[in-house]
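I would like the entire structure built from these sequences, with the hints used as guidance.
Heads up, the sequence shown is in the numbering used here, so the first residue is 4 and it goes up one at a time.
Lysine to aspartate or glutamate pairs mimicking DMTMM-like chemistry, simulated, CA-CA at most 25 Å apart:
| no. | residue 1 | residue 2 |
| --- | --- | --- |
| 1 | K99 | D37 |
| 2 | K299 | E286 |
| 3 | K99 | E159 |
Note that these hints are calculated values from the structure, not bench results.
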Amino acid sequence: MSLWAFRCVLWYICVLLVQPQNRFTFLWPLHIADISFIMAVGLHILSSMERRRSLVRMGPGTILAFTLLFFASLSQHFGVYQISPAWNNYLDIIVKNSLLLILVEAMATSVERVWAVQMVTLFSTLWWVKGGVRLSAMSATYSGDRLMGAAVSMIENPNSFAYMMCVFLPLYLYAYQQAKQKWIKWFFLACALAAVYIVFQTGSRTGLLTLIVMGAFLLPFYGRHHFRAMVVIVVALIFLFPLTGEKNMQRFLTIPQSVASFLGGEEKERTGPKSQDEQSADERQAKNHDTWGLIKEYLIFGVGVNPDSSRYAGRFPMATGQVHCEILMAGRQMGIIGMGMYAGFIGIIFLGGNWVRRKARHWPAVRDLGWTFQMQAVAIAVGGAFSPLPWHPPMMIFAGSVSALVGILKAEREAEMERLAGVRQGHAV
4 MSLWAFRCVL WYICVLLVQP QNRFTFLWPL HIADISFIMA VGLHILSSME
54 RRRSLVRMGP GTILAFTLLF FASLSQHFGV YQISPAWNNY LDIIVKNSLL
104 LILVEAMATS VERVWAVQMV TLFSTLWWVK GGVRLSAMSA TYSGDRLMGA
154 AVSMIENPNS FAYMMCVFLP LYLYAYQQAK QKWIKWFFLA CALAAVYIVF
204 QTGSRTGLLT LIVMGAFLLP FYGRHHFRAM VVIVVALIFL FPLTGEKNMQ
254 RFLTIPQSVA SFLGGEEKER TGPKSQDEQS ADERQAKNHD TWGLIKEYLI
304 FGVGVNPDSS RYAGRFPMAT GQVHCEILMA GRQMGIIGMG MYAGFIGIIF
354 LGGNWVRRKA RHWPAVRDLG WTFQMQAVAI AVGGAFSPLP WHPPMMIFAG
404 SVSALVGILK AEREAEMERL AGVRQGHAV
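Printed below as a string of structure tokens:
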């Protein structure tokens, strides 16, 4: 029963990432995602009762998820500018993804199950890679050369597509590292290169900046352990980057000015009208500035999960609607508490991955999985600084997985120490 509960969770993750109902519309009334989640919860409860064990595992990920649910509920009912306590899209994201994290940590009771969660996300997102390559081949672009995302809500525009490709890129490299057969190894390396190519084709400055930061972490590791693959990647990038459209190249050249605007630097004098990219950079800076001003005014609890923006639009006009910075959106919803929780999830993924790397040196597959989690945390931290939706499913899945993995390895170490202590005591007797 426990196994079937876990399978239902894996199926839910698959549906969540692929969202086949967007292409096969007859699936909409079937609620396949809701049914799989309900079945997972029900079977997990029955399995836990049968085996007389706790429903949840109170690791750092689960504790933080419960904390998020608590403060989201407070904000929903007592937020200064909350529209109403009724259910809304923002609360739906928080509740569903927090429960998903809790289920992942509760059911991932072995290293193999943690690995299974990661592999399901990998194979689910291969559909995104296929879609990106196919759209590129068809020149399915808008606003010049920019590649749109596949029909999935998390990658419905170029920036989101590039962001998610960066988030899952380390997983493709992990599959390359662990594969035993050569054709499988090179297949996953090709997937990784395709993900990078898709980032180039989206013209997303967020995606390229995330790739650059990830590359700074990637080079030392691959230079020591996978030098041949590193050479292949570098050579492939030399050929792939020039294939990027001219307008996308021009967008990439505006990255320094965009970063300066994002950080709130002084604006350069312009002799002519602003380009679309310059307007976008200035708008991001203005949104960040006003949102931070709003957060400082309501520092502790924010203004509500789903606030009535008309009540503060006069003082902070650019803080209305979606703000393209996840941590600031979390702060607008739940103040500095929300910002701390958002940073906490990224910290769990990065620091937990680092702990796994150090404690599993004797187990290369698990050690490299820890490195993968660290790279995913870097991608979320950088890409999320320019994305509007915190608490998204990949971040919560990774946090639950690494939290479960740390608990599993700690339990195994304690069991090993107890076994050795028992052996030594037997020899002494």
